[in-house]
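Protein chains: 2
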Amino acid sequence: MRRDVFQGIADPTRREILNMIAHKSLNVNSVASNFDVSRTAIYKHLKILSECGLVVIQQQGRERFCEARLDRLSEVSDWVEQYREVWTKRLDNLEDYLKELQSNKKKHGRKKTR
Amino acid sequence: MRRDVFQGIADPTRREILNMIAHKSLNVNSVASNFDVSRTAIYKHLKILSECGLVVIQQQGRERFCEARLDRLSEVSDWVEQYREVWTKRLDNLEDYLKELQSNKKKHGRKKTR
DNA sequence: TCTTTGTGAAACCAAAAGGTTGCATTATGA
DNA sequence: TCATAATGCAACCTTTTGGTTTCACAAAGA
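Just so you know, the sequences run in chain order A and B.
If you count by numbering that gives the first Met the number 0, then the first sequence holds residues 0 to 113, one letter each, in order.
If you count by numbering that gives the first Met the number 0, then the second sequence holds residues 0 to 113, one letter each, in order.
Derived by calculation from the structure, the hints in this document are not laboratory data.
Model, not experiment: these values are computed from the prediction.
Some clues are possibly wrong.
The list treats identical chains as interchangeable, and a pair is accepted whether it falls inside one copy or across any two copies.
Unchecked claim - In silico BS3-like pairs for lysine-lysine, Cα to Cα no more than 25 Å straight-line: (1) 46 / 98; (2) 23 / 98; (3) 23 / 88; (4) 43 / 88; (5) 43 / 98.
Let's have the full structure, built from the sequences with the hints guiding it.
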């Protein structure tokens, strides 16, 4: 199935898996042993992560090592960043507004607002 | 229900909704009219978005205006950014490695690699 | 060779997700 | 006051998700 990075990181267990293998690749059993759900459940999560490119699984003897492809997170990063200007500008405007309220209070005394 | 920002942005329709109201709040019907699924379906997406804090819905007469709270995306941004150093460093290492291969080739001629 | 280890995958299940139709409710405008 | 517009929500449906147990199979080690 063609999968999406956004879908990949939607599940908290999958985010934990990514964190677990971010610095060091682990085989499937090692990953699974850190959770209290079954190995098969973790295997399915790993499969989803590999389907959306966030993990690459390489066979080595009878083990499969799971390597995080964190650079794929740039897709998420890019998506979020396109909105950063919008939200920071909006926060700045709020700040300006609050400052203006303050200065008006000083000039005219307490004023009823709603 | 307590919801998660990661879950909120997991669905492509919801990301489109966010984009649609990023610059200007719209009422529920206006949002829905941009999609070919039912108003109720969009309403449910809006509810999920509001449950995870990405949208605030305010009544105004008989309409409800949906405002994007894009600053909530910082949670996603923060999560991704904690891995940026890891992945850029890894790409740098790869680059160094490729450069080294190049210089070895110059010194010793073409060499079989596998 | 035989047993153990590490894994993939099938079959099954309950709950959640994403969608629909239909109805009730509240403001607005004529 | 009455029709209509904008909406919330219940009831229902199908597909997906996240989990389980079970079995098969290949590689390693004794």
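To see whether the hints hold, each was checked on the structure:
no.: 1; hint: 46 / 98; result: neither (52 Å within a copy, 33 Å between copies)
no.: 2; hint: 23 / 98; result: between (49 Å within a copy, 24 Å between copies)
no.: 3; hint: 23 / 88; result: between (39 Å within a copy, 14 Å between copies)
no.: 4; hint: 43 / 88; result: neither (42 Å within a copy, 29 Å between copies)
no.: 5; hint: 43 / 98; result: neither (53 Å within a copy, 38 Å between copies)
Of the numbered hints given earlier, the model fails hints 1, 4, 5; all others are met.
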